[in-house]
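Undergrad: Below are the chains, spelled out letter by letter.
Protein chains: 2
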Amino acid sequence: MAITISVLKEATGENRVALSPDVVRKLVKNDYQVLIEQGAGERSFYRDAVYTDAGAKVVDRSEAITQATVIATIAQPDDAAIDQMKAGQTLIGLLAPLTDTEFVKKLAAKKINALAFELLPRTVSRAQTMDVLSSQASVAGYKVGLMAADHFSRYFPMMITAAGTAKPAKVLVLGTGVAGLQAIGTAKRLGAMVSGYDIRPASRGEVESLGATFLTTSVSATGEGGYARQLTEEETAQQQAELEGFIAQNNVIITTAQVPGRRPPLLVTQKSVDEAKTGTLFMDLAASDLGGNVAGSKPGETVTTPNGAEIVGAGDMASQLPASASDMYAKNVQAVLNDLNKDGKLVFDIDDEVVGELLATYDGEIISNRLRSVMELP
Amino acid sequence: MAITISVLKEATGENRVALSPDVVRKLVKNDYQVLIEQGAGERSFYRDAVYTDAGAKVVDRSEAITQATVIATIAQPDDAAIDQMKAGQTLIGLLAPLTDTEFVKKLAAKKINALAFELLPRTVSRAQTMDVLSSQASVAGYKVGLMAADHFSRYFPMMITAAGTAKPAKVLVLGTGVAGLQAIGTAKRLGAMVSGYDIRPASRGEVESLGATFLTTSVSATGEGGYARQLTEEETAQQQAELEGFIAQNNVIITTAQVPGRRPPLLVTQKSVDEAKTGTLFMDLAASDLGGNVAGSKPGETVTTPNGAEIVGAGDMASQLPASASDMYAKNVQAVLNDLNKDGKLVFDIDDEVVGELLATYDGEIISNRLRSVMELP
Numbered sequence: 261m262a263i264t265i266s267v268l269k270e271a272t273g274e275n276r277v278a279l280s281p282d283v284v285r286k287l288v289k290n291d292y293q294v295l296i297e298q299g300a301g302e303r304s305f306y307r308d309a310v311y312t313d314a315g316a317k318v319v320d321r322s323e324a325i326t327q328a329t330v331i332a333t334i335a336q337p338d339d340a341a342i343d344q345m346k347a348g349q350t351l352i353g354l355l356a357p358l359t360d361t362e363f364v365k366k367l368a369a370k371k372i373n374a375l376a377f378e379l380l381p382r383t384v385s386r387a388q389t390m391d392v393l394s395s396q397a398s399v400a401g402y403k404v405g406l407m408a409a410d411h412f413s414r415y416f417p418m419m420i421t422a423a424g425t426a427k428p429a430k431v432l433v434l435g436t437g438v439a440g441l442q443a444i445g446t447a448k449r450l451g452a453m454v455s456g457y458d459i460r461p462a463s464r465g466e467v468e469s470l471g472a473t474f475l476t477t478s479v480s481a482t483g484e485g486g487y488a489r490q491l492t493e494e495e496t497a498q499q500q501a502e503l504e505g506f507i508a509q510n511n512v513i514i515t516t517a518q519v520p521g522r523r524p525p526l527l528v529t530q531k532s533v534d535e536a537k538t539g540t541l542f543m544d545l546a547a548s549d550l551g552g553n554v555a556g557s558k559p560g561e562t563v564t565t566p567n568g569a570e571i572v573g574a575g576d577m578a579s580q581l582p583a584s585a586s587d588m589y590a591k592n593v594q595a596v597l598n599d600l601n602k603d604g605k606l607v608f609d610i611d612d613e614v615v616g617e618l619l620a621t622y623d624g625e626i627i628s629n630r631l632r633s634v635m636e637l638p
Numbered sequence: 261m262a263i264t265i266s267v268l269k270e271a272t273g274e275n276r277v278a279l280s281p282d283v284v285r286k287l288v289k290n291d292y293q294v295l296i297e298q299g300a301g302e303r304s305f306y307r308d309a310v311y312t313d314a315g316a317k318v319v320d321r322s323e324a325i326t327q328a329t330v331i332a333t334i335a336q337p338d339d340a341a342i343d344q345m346k347a348g349q350t351l352i353g354l355l356a357p358l359t360d361t362e363f364v365k366k367l368a369a370k371k372i373n374a375l376a377f378e379l380l381p382r383t384v385s386r387a388q389t390m391d392v393l394s395s396q397a398s399v400a401g402y403k404v405g406l407m408a409a410d411h412f413s414r415y416f417p418m419m420i421t422a423a424g425t426a427k428p429a430k431v432l433v434l435g436t437g438v439a440g441l442q443a444i445g446t447a448k449r450l451g452a453m454v455s456g457y458d459i460r461p462a463s464r465g466e467v468e469s470l471g472a473t474f475l476t477t478s479v480s481a482t483g484e485g486g487y488a489r490q491l492t493e494e495e496t497a498q499q500q501a502e503l504e505g506f507i508a509q510n511n512v513i514i515t516t517a518q519v520p521g522r523r524p525p526l527l528v529t530q531k532s533v534d535e536a537k538t539g540t541l542f543m544d545l546a547a548s549d550l551g552g553n554v555a556g557s558k559p560g561e562t563v564t565t566p567n568g569a570e571i572v573g574a575g576d577m578a579s580q581l582p583a584s585a586s587d588m589y590a591k592n593v594q595a596v597l598n599d600l601n602k603d604g605k606l607v608f609d610i611d612d613e614v615v616g617e618l619l620a621t622y623d624g625e626i627i628s629n630r631l632r633s634v635m636e637l638p
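Order-wise, the sequence lines are chains A and B.
Going by our numbering, the first sequence opens with residue 261, and the numbers climb by one from there.
Going by our numbering, the second sequence opens with residue 261, and the numbers climb by one from there.
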């Protein structure tokens with residue numbers, strides 16, 4: 261019997277879809293059956309007919325859920341969908357296991373096998389084609405650079421015209437992980453004068469290779485999995501004070517410092533925000549309900565300071581470039597399926613260094629060591 | 261007595277301001293007095309205090325109007341402002357004399373001297389520093405390219421990632437005047453595959469020098485003042501049919517073909533719009549109440565076709581990059597003032613090839629030959 265992959269329509273506000281027509285075509289060629297919930301791709305500009313052309317069957321939500329071997333989603337499906345699932349079915353997506361352990365317990369209780377992209381061991385090279393956090397951060401970084409340029413009241417490039425010359429915008433990117441580097445790349449493409457700051461000295465080379473200036477503070481810290489470690493209070497204060505100087509010299513400040521499951525570090529203090537000149541633009545990619553990198557940022561909102569600076573809470577950028585983001589996401593899902601598929605059957609090797617970590621739950625058990633440690637399980 | 265230049269606050273919806281703080285500083289240094297209506301620069305991120313620092317006096321609207329030698333605006337001031345003006349005062353701005361001749365008659369009746377940027381003889385080299393249509397088209401072209409990228413659901417650049425490669429967007433720019441060339445430049449900067457079409461064969465070199473592909477149809481036409489001449493019905497049909505083929509091959513179509521005072525030519529037919537694939541983006545810079553370049557475009561609105569293509573009526577792009585647009589506009593105003601200023605007095609030489617055309621009205625007379633011809637005056 262063929263392995264059936266079902267794609268559900270995401271909740272309102274999420275524009276991405278877990279499989280693209282291109283990936284559907286490849287899966288069908290490899291003997292998977294693909295079911296697409298009606299309208300699932302609509303907000304990514306993939307209509308039902310395109311999926312049908314690619315070999316998928318377009319069905320209602322109930323059929324997509326009940327007939328699936330694997331259900332692929334972007335975010336957690338709603339309770340009704342989970343209730344309809346049966347033991348032995350598999351769910352793959354950004355399931356937020358580290359911050360929503362109740363959801364994990366529910367899946368385990370129902371004996372649903374859950375593959376959560378947040379748990380992927382990102383430093384294992386075999387896992388890189390499955391790395392949703394990286395692919396979506398890359399999209400988000402491009403998009404936030406573009407949005408910054410579109411939101412800003414001035415040219416990014418230097419412009420030489422008959423009426424005179426316009427100076428290039430000065431753009432500072434705080435946090436130069438995948439998203440930060442893409443934001444730097446986009447701002448550079450547009451001709452801005454760009455500098456990048458990161459607490460990890462190792463990122464100097466990456467920033468400079470994009471033609472941007474690398475900035476450091478006297479605080480430096482490299483942590484696990486490529487993320488920066490958490491700073492002490494004293495280090496944080498020192499970092500913030502030094503950053504204030506950099507921030508004041510720039511017109512556009514893009515912040516991208518995120519650590520999974522923790523409050524994002526505050527990089528732009530209230531003092532920097534208060535002192536920012538009229539027209540200064542802060543784009544906070546880390547804006548979330550937990551807080552962001554910029555004092556006073558609010559996810560999904562633009563806040564204008566009394567001084568006339570703007571803080572854009574740019575929290576869901578990947579969803580704002582939905583077709584490309586979905587394409588990349590779908591390729592990551594396909595890579596996981598390829599990895600699990602042994603002679604036409606999905607095999608979950610819980611001892612494998614990638615699969616054993618990606619698995620939040622399997623057959624009623626919590627599998628991922630990282631998740632077990634967060635849940636304080638032995 | 262010093263020449264007093266007053267700047268009025270524009271109506272809601274217009275973000276630009278006629279003088280920037282930088283230009284104010286230069287005018288004050290050259291013995292002009294500058295009055296700024298309270299809040300005039302607010303939407304361009306120029307606050308009153310910045311003008312005060314530059315040497316201007318911030319005043320109420322009534323004082324700005326009554327004390328002015330010259331009133332500089334972006335668009336036509338409201339009736340109340342005109343009513344408050346006195347004979348002998350000068351008004352400079354985008355006064356729409358060619359399409360609103362009633363307004364011209366009113367100014368003439370009041371003996372207000374009116375300098376209308378639409379009337380500038382753009383091919384005279386001395387006039388280039390005063391060319392507001394060009395400076396604002398340049399801003400608009402940059403901005404529409406940026407907005408297209410921000411609006412599009414996919415990457416503009418080719419992206420090579422661990423998960424796979426994303427193809428670059430295919431962008432077609434119809435009309436390669438000042439705005440079209442800037443739109444091409446912006447899309448190229450962002451890494452898209454860009455082609456440019458113009459009915460004037462002379463623009464091939466300009467398009468190709470930006471690294472874009474030049475497209476031609478079998479219809480070609482060069483008209484006066486650098487604009488294309490109006491086509492016959494037969495030529496139009498032939499052009500449209502040939503363009504349909506180009507349009508269908510692209511993901512993003514930016515249209516920029518405008519002719520002052522005439523309905524913009526329809527370049528994208530209803531057939532092209534109907535057949536456009538889901539996710540295709542049309543950005544119509546020529547969208548206006550007179551119609552646009554794209555069938556069904558509406559100024560200031562985004563229309564989604566039944567097929568899932570989008571038509572953005574991008575009619576006021578310069579106003580959407582307000583600080584840079586105002587900077588350029590202000591430099592154009594300054595160039596006119598420099599030209600008129602003879603030993604500390606504004607002298608209107610109606611026989612001068614530039615001033616005599618820029619002047620819509622002077623001392624109760626309609627001056628510009630172009631305007632007289634449109635108004636059917638001898």
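If you're looking for bench data, these hints aren't it; they were derived computationally from the structure.
Misleading hints may appear alongside valid ones.
[Stated by the list, open to error] Just so you have them, the derived chain A footprint on chain B, three or more residues with Cβ under 8 Å: (1) 306-314; (2) 386-393; (3) 628-637.
[Said to hold, decoys possible] Derived lysine-lysine pairs resembling DSS-like cross-links, with alpha carbons at most 25 Å apart: (4) LYS537(A) - LYS286(B); (5) LYS317(B) - LYS346(B); (6) LYS289(A) - LYS427(B); (7) LYS269(B) - LYS537(A); (8) LYS269(A) - LYS448(B); (9) LYS371(B) - LYS269(B); (10) LYS537(A) - LYS317(B); (11) LYS448(B) - LYS430(A); (12) LYS427(B) - LYS286(A); (13) LYS430(A) - LYS537(A); (14) LYS537(A) - LYS605(A).
[What the hints assert, rightly or not] So, partial list: chain B residues that the calculated Cβ filter (under 10 Å) puts toward chain A: (15) TYR402; (16) GLY445; (17) LEU450; (18) GLY604.
Remember, predicted model here, so these are calculated numbers, not experimental data.
Cβ atoms here follow ideal geometry from the backbone N, Cα and C, with glycine treated the same way.
Undergrad: Now, for every hint given, state plainly whether the structure supports it.
TA: Do the hints match the structure? See the list:
no.: 1; hint: 306-314; in the structure: holds (count 3)
no.: 2; hint: 386-393; in the structure: holds (count 3)
no.: 3; hint: 628-637; in the structure: violated (count 0)
no.: 4; hint: LYS537(A) - LYS286(B); in the structure: holds, 22 Å
no.: 5; hint: LYS317(B) - LYS346(B); in the structure: holds, 21 Å
no.: 6; hint: LYS289(A) - LYS427(B); in the structure: holds, 22 Å
no.: 7; hint: LYS269(B) - LYS537(A); in the structure: holds, 22 Å
no.: 8; hint: LYS269(A) - LYS448(B); in the structure: violated, 35 Å
no.: 9; hint: LYS371(B) - LYS269(B); in the structure: holds, 23 Å
no.: 10; hint: LYS537(A) - LYS317(B); in the structure: holds, 21 Å
no.: 11; hint: LYS448(B) - LYS430(A); in the structure: holds, 21 Å
no.: 12; hint: LYS427(B) - LYS286(A); in the structure: holds, 18 Å
no.: 13; hint: LYS430(A) - LYS537(A); in the structure: holds, 13 Å
no.: 14; hint: LYS537(A) - LYS605(A); in the structure: violated, 60 Å
no.: 15; hint: TYR402; in the structure: holds, 6 Å
no.: 16; hint: GLY445; in the structure: holds, 8 Å
no.: 17; hint: LEU450; in the structure: holds, 6 Å
no.: 18; hint: GLY604; in the structure: violated, 24 Å
Of the numbered hints listed earlier, those contradicted by the structure are 3, 8, 14, 18.
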